[in-house]
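Visitor: Construct the complete structure from the given sequences, taking the supplied hints into account.
There are 6 protein chains.
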Amino acid sequence: MVQDLSDKANLLIQALPYIQKFNKETIVIKYGGNAMVHPLLKDAVIKDIVLLSLVGINIVVVHGGGPDINDMLAKIQKESRFIDGLRYTDQETMDIVQQVLCGKVNKNLVSLINRVGGKAVGLCGMDGGMICGVQLKKQDKDYGLVGEIVNINPEVVNDTLDKGYIPVISSVAQGIDGNSVYNINADTAAAKLSVALGAIKLILLTDVRGIMNNVDDNDSLISQITLEGIPLLKERNIISGGMIPKVDCCVEALNGGVERTHIIDGRIAHSILIELLSDEGIGTMITKG
Amino acid sequence: MVQDLSDKANLLIQALPYIQKFNKETIVIKYGGNAMVHPLLKDAVIKDIVLLSLVGINIVVVHGGGPDINDMLAKIQKESRFIDGLRYTDQETMDIVQQVLCGKVNKNLVSLINRVGGKAVGLCGMDGGMICGVQLKKQDKDYGLVGEIVNINPEVVNDTLDKGYIPVISSVAQGIDGNSVYNINADTAAAKLSVALGAIKLILLTDVRGIMNNVDDNDSLISQITLEGIPLLKERNIISGGMIPKVDCCVEALNGGVERTHIIDGRIAHSILIELLSDEGIGTMITKG
Amino acid sequence: MVQDLSDKANLLIQALPYIQKFNKETIVIKYGGNAMVHPLLKDAVIKDIVLLSLVGINIVVVHGGGPDINDMLAKIQKESRFIDGLRYTDQETMDIVQQVLCGKVNKNLVSLINRVGGKAVGLCGMDGGMICGVQLKKQDKDYGLVGEIVNINPEVVNDTLDKGYIPVISSVAQGIDGNSVYNINADTAAAKLSVALGAIKLILLTDVRGIMNNVDDNDSLISQITLEGIPLLKERNIISGGMIPKVDCCVEALNGGVERTHIIDGRIAHSILIELLSDEGIGTMITKG
Amino acid sequence: MVQDLSDKANLLIQALPYIQKFNKETIVIKYGGNAMVHPLLKDAVIKDIVLLSLVGINIVVVHGGGPDINDMLAKIQKESRFIDGLRYTDQETMDIVQQVLCGKVNKNLVSLINRVGGKAVGLCGMDGGMICGVQLKKQDKDYGLVGEIVNINPEVVNDTLDKGYIPVISSVAQGIDGNSVYNINADTAAAKLSVALGAIKLILLTDVRGIMNNVDDNDSLISQITLEGIPLLKERNIISGGMIPKVDCCVEALNGGVERTHIIDGRIAHSILIELLSDEGIGTMITKG
Amino acid sequence: MVQDLSDKANLLIQALPYIQKFNKETIVIKYGGNAMVHPLLKDAVIKDIVLLSLVGINIVVVHGGGPDINDMLAKIQKESRFIDGLRYTDQETMDIVQQVLCGKVNKNLVSLINRVGGKAVGLCGMDGGMICGVQLKKQDKDYGLVGEIVNINPEVVNDTLDKGYIPVISSVAQGIDGNSVYNINADTAAAKLSVALGAIKLILLTDVRGIMNNVDDNDSLISQITLEGIPLLKERNIISGGMIPKVDCCVEALNGGVERTHIIDGRIAHSILIELLSDEGIGTMITKG
Amino acid sequence: MVQDLSDKANLLIQALPYIQKFNKETIVIKYGGNAMVHPLLKDAVIKDIVLLSLVGINIVVVHGGGPDINDMLAKIQKESRFIDGLRYTDQETMDIVQQVLCGKVNKNLVSLINRVGGKAVGLCGMDGGMICGVQLKKQDKDYGLVGEIVNINPEVVNDTLDKGYIPVISSVAQGIDGNSVYNINADTAAAKLSVALGAIKLILLTDVRGIMNNVDDNDSLISQITLEGIPLLKERNIISGGMIPKVDCCVEALNGGVERTHIIDGRIAHSILIELLSDEGIGTMITKG
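Protein chains in written order, with the numbering used here: chain A, 1 to 289; chain B, 1 to 289; chain C, 1 to 289; chain D, 1 to 289; chain E, 1 to 289; chain F, 1 to 289.
The set of hints was computed from the structure by calculation and includes no laboratory data. Among these hints, one or two may not hold up.
Heads up, the list lumps identical chains together, so a pair's fine if it works in one copy or across two of them.
[To be verified] Here are the computed lysine-lysine pairs in the DSBU-like style, where the Cα-Cα straight-line distance is at most 30 Å:
id, residue 1, residue 2
1, Lys78, Lys141
2, Lys24, Lys75
3, Lys42, Lys21
4, Lys288, Lys21
5, Lys24, Lys163
6, Lys234, Lys288
Guide: The structure is reproduced here in structure tokens:
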């Protein structure tokens, strides 16, 4: 038994160089998908966040909340129209999006973090004027209150980190072109926040293993690519579909000074911890070069 | 015209002794009722808050949100059952309460404060574990997820005040008797927060003029009473109905060390400013003695 | 009456954007003339200063003290000789200037500010070595102990602002060309201090309405001019006589980085407040361009 | 020569234990008499103050200014009436007292300290509301604007010490029984300030050697007495005349917590330094017991 | 493989509640015996210390150094005389003790900690006057320069912790009864330091499993005892021989306010980590009751 | 006697301008030679250090320890081999060097400083990773563990100065090319530390008067030279032998930004104080130009 305990301790010790590397650094985690729905996975993510915060890493959580929004829209029997894959967001929909994200998903995450001994504060783009947006305009199409970010003011995030809290952030923006609130993409918000905060790492939790040469073959995972390798992978449709915007967020973060970005599988318990505190990355890491 | 300008300046100067009196002190404002519904009144309250914050007073806003909750419940065709005047709160109702309060009403207030140049952060009882509650038990009756406060941890409020923000707080509590979130009374939350924060003043915005000898006679407003005067006024039904719990909140605050409490009329534009920065109190002030 | 109170509150609210604009900024006020002699005007100035300080503006007061100096010289039956409009200042005169400015006028202002609840400290150019001067030399003429400023060391002013005091400053300089103390022009001292302190505003209180097209016509006040407009106004004698050195002080401040300078009428009660906290400037504002 | 230099260095080293003892402590020095008039003695005092400040002792200087006041009163041909040894102080006299003390004597001291490389700020009882007084009432006699101290607010002194300045303080008080300024005894002010500041030492510079058994015999100096020895010395007229109020100030300081008080001879160059930095006290030290 | 990684991560997560419990607390570790001699064990201890320091625990290391001292004494062919089990320490021996402990063992530990990325500073009882001792006197026997501690001044330890260092401390005391340096027992020094520092835990690394009912039976380890259980265990010789002074050190620490003390087996790799970050204590824990 | 005391005080006053000049500056003193051996000289140096520290100068002491090392090597009958004047340092020798320097000489200095009321901490190149070295390589000769400095990390020195300690530093380096510790030249360490700390002065205590035109003629001391004068003095053999590396250290310090360097005579009591606090430099000062 003693040997067994020593082995366990040895595992902890293996995390030492990683903890040292990230100590006092900021890491932005985009939290979404299965890891947000499945209770056991959720519990694992929350504990990962609290542990990482406790070993001296500034953890910033950005979340979406698709399923809860859909549930609520269904409850009020509101049907959504989609344009180019984007939900047309009228005022009634926006109200639902805002209250579900900022009031339910966000505060429930805060509550979960508190319950395992962390210290979290739930924020959204309106708090301290953090995320400023305007209406999205693409080829003169009208998506309603879908917005794009024009400015990030990270002061309120830094203030809460400074006071020892884990900021949990809903991806909703305060409009600067009127009194509106805008629905913004959470991946994009996470990427832009990671730049504004001078983070060293951006982690996108997804429902896939990462970028794969062959999506049907788990062994075909590409562990690491650089910026310059991306165009070819897009050309060959290895980066395709929903992976394209995620990779684009990573590119934006890297160009903004973030050192490393990771697309990892939220369906694996403790995937964040594994990615951060071991050599065995389990997703795809994208670096500058 | 010059005389006119001097007269205006003189009015500003009359506020000087009040600003001096409250400088660096904390004042808790329970915001609700008409002042939260009517756009012009809302605008006046927001500006009052920003101005008071700017002249060096620590303003803490606690809000309820009845009408918005009702609207949302109506939208999902949820009927509420009332027990002793309290809404029986099942899990579905509680979800609506939480998301409307913390996600809609709260963040909209934050946004409004930002838009007139203030610096606000929207919090709820879960953030930083601020408000801890248990299920309300009165004579073994079951009100569902209606809660009562067992502990206030004001750290997160002080941290945000310390960093120069106006904390705006939704009256929802984190359960310590399970994983629940509880619906709590906003007046009570404001009273207990005013004690925990060492506030000098608690202001309850209502839809009446204050405590009145005769509710039909505006001139019968009682401007000031002390703790010891309250029992008689209750006996005589001058304090009655919905006024009773409000007065009880004031009593709790006063017994906890708050210097003065005010029940004022939110239907009058700038009633907060008038009450704070002039001799002409326009509501009822309750003091210890 | 309630409407009346709301109107008053509205007036306060109108000051909000101005308070926001000047919050945490430094404003240097040159205080002199009638506003320093007439008790009611004096009282208004003092209250303006305390109010502005309380709403978060760093107020620095620089004062002269002509009439009190004259009274004291008369008392000791000392006659003054004037050269080019400057009082020839022998050692005995200088002693009187110093003691009246630093000991009487200065400390009485401090006392008045304290009495309305402000927190002032009375300083002069010698304190902390703040204002360093040499003997004025113009075309080899000898003006005795009239000095000109060669260096401003703003440390002691910043230290007192930092500790929350309103510094009140007598325009007397410590000589660096010997053991002398020099009599210096208060307008110039205010202008140079505004530059050294990185002030955003310099306000000169005078006994005229401002720069006027026709001094006999109150309606001919020029509300705003820029640096480039000044030469023409001098040429046309619209800026002439005692107004020339005042305008030159403004020019020096503007060239040193001060954003706006104001020549306002100290004979109007609360002219400082009116100028700062309303759109209706009542004097002449000179800006860079 | 080398031996000579080593001897000199040795002298410096002998000051070491005294510097260690007083490091970071506060010492109040009442400066007056000959040491304030004679240029060489003045120079010695100034240098003592700067040196002591530099070796880490918080030096607070309180000064009177009798001769300069008399000169100025003579200049305006004002005759003084004395009641029980106290100058009856009418408003005109008070103005002279204030301006000479706060404007001339005080600021000249500040200037002298600056010139030898110290960092001084000149204050009086009005600055920051430091010394609050009322009209002196003794057996219903009227002494005009002679005041007595009712309260010391040491905040402004601590603030200036905190920022590294040597505060130089004129003994003039702000009246709390009206708008008056009061002339107060400098010894008393020094004693009360030493208590309010938590000083470990009060030093009164005088024009005598100390308390002497026989005033005509320099060798009869009493080097040290305790509180309980004082009544007998008074009885025997060894403490008599002008020495009585000085000893009473020491008693007040000692009873207020000051550790040691010293009555030393300002006519001896560097008497402060000798008293503080050597075993050979050259005046009379009064201790608690 | 993914499951394997998740299992590893799960192990890290199991440490979470312990890390939370000790966060920002101080733990004193007496380091000695085999764990200081065997390279692999030494490496494990060093990594444990760095990891614990990194997760926010204030680690203070106190060490002895018997074997190295013996080696050096052997080298200079110095024979030691023992009195009651204590080495009689003459001046020559003391010099060796001091230089081996403070110069070799201490600085080598510091170097090892640095090499795995920690930040250590090597101190001894003389640094900052931390440990003050006198000559040990027991029944008038003379043990030479063996000392006992009379006072701990923890300032220098707190200062280094405050600046983020791991203080490594040699158990040598500065004599206050002359110019001597004294050889002091490292267990005692650790116990007294844990009290002076307000530590929550004292850990003694030994070469045995802990307190055992039967020293020949590994399964007879007593995992936990309280203060009141100790006399009986001594009576029964279960606590006997070299274990007695170790248990006495624990008693002293507990009586001084330390919460828990641990006697653990330094021959087990990572025994510190196992004891601190898991439920499975592997030594004997002594608590107050 | 009074005159005598005044004269003494005057001597203290003469130190004033020097104390002012060095206040809050850092001075590195290389301590070695006779001043480290002779008890009276040692006592004088220690008191000089404590006094200078007390008057607000940041004193950093770097020491060697030749005689003690030789004594210890003799005791273990270890003979040293010298190559080009450098002691070939095998592992056994290095162990002795380290333990004598860091454990004996260093901590004894710390103890002496404490005993006269200073506050010292003993450090070496390993503490906080302060001095990083590699094996010395000169023309492929092997000197064993003689090292040269590749990097100074002054953080731990600044941290101890910041907390009010006098850091006393042994010239031993942590190897970055393996696990070794290296023996490094103390003069060089002092010079490189003076640069890394931004010191204004480097003082090398030696056993000669300074640089002398004729070593047999005490009156031929060269009081001051500049960088450009050095080549000629070397050419003329006026700078020769052991003086060459000392002068080279001064050159390195001057080129690194140190203002003045001094080679002074440690055989003269208080030579440090004399050099710093008087005009009469008693050694050779080397300045940039």
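Visitor: Which hints from the list above does the structure break, by number from lowest to highest?
Guide: 2
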